[in-house]
Amino acid sequence: NAGVTQTPKFRILKIGQSMTLQCTQDMNHNYMYWYRQDPGMGLKLIYYSVGAGITDKGEVPNGYNVSRSTTEDFPLRLELAAPSQTSVYFCASSSKAGGFIYEQYFGPGTRLTVT
Amino acid sequence: GEDVEQSLFLSVREGDSSVINCTYTDSSSTYLYWYKQEPGAGLQLLTYIFSNMDMKQDQRLTVLLNKKDKHLSLRIADTQTGDSAIYFCAENYGQNFVFGPGTRLSVLP
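Chains A and B supply the protein sequences, listed in that same order.
Going by the numbering used here, the first sequence runs without a break in its numbering and finishes at 121.
Going by the numbering used here, the second sequence runs without a break in its numbering and finishes at 111.
In short, the hints are calculated from the structure, not lab data.
All values derive from a computational prediction rather than experimental measurement.
In this text, a Cβ means the ideal position worked out from N, Cα and C, and glycines have one as well.
Nothing false has been slipped in among the hints.
Looking from chain B toward chain A, a few residues come up when the C-beta cut is under 8 Å (computed):
1. VAL6
2. LEU10
3. ALA43
4. GLY44
5. LEU45
6. LEU47
7. PHE90
8. ASN98
9. PHE101
10. GLY102
11. PRO103
12. GLY104
Ranges between beta-carbon positions, derived for each pair:
13. A:ALA88 to B:LYS70: 41 to 51 Å
14. A:ALA88 to B:ASP18: 41 to 51 Å
15. A:GLU109 to B:GLY42: 18 to 28 Å
Chain A with its partners taken away, still in its complex shape (with noise of 0.2 Å):
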């Protein structure tokens, strides 16, 4: 069981570029998440998705868009990278159950930089 995977674990791009953060859970969860992280701050929702064909706006999804195909992907796209974009990505799920979600698993994170 391999849980949340991320790939990359580390990219640097260039401001105007384009990149897809992969992001695949083997454990059947309905609940996907995108979080960025900063340093000396908590995580920032940006995208989530309650099942295949279902995706939502967070709390930061300005430059990021995501698609969810299948139950196990849920990748994030930045299609005009932007320094303010600099920082670390993890991807979560969740399952639910008795009307209540429980515990979120989240991947190792990918380290973004744009310069």
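Knowing the structure of chain A, use the given hints to seat chain B on it.
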């Protein structure tokens, strides 16, 4: 919006108890969580408490919840160097989670 606050740093000596505090704003949160993040890693759930509980104990960890003051604390007994990490308090908000900024715990030998 919802907000979760924590102090940013805490230093303790090995063997002492650590107490990490958190305040939250959403009184309708069903669960409150403590996550641990070690360097270069993602967050890992340490423990959680249901909102109708006052206390939960799990080996060296004790969680106290004061719903009236919207205050949550995590006590780590007999703190070890392996406990050095960032600890995040979180509340669930509908289908999402709101995280505090994290408390960096340093354990001094």
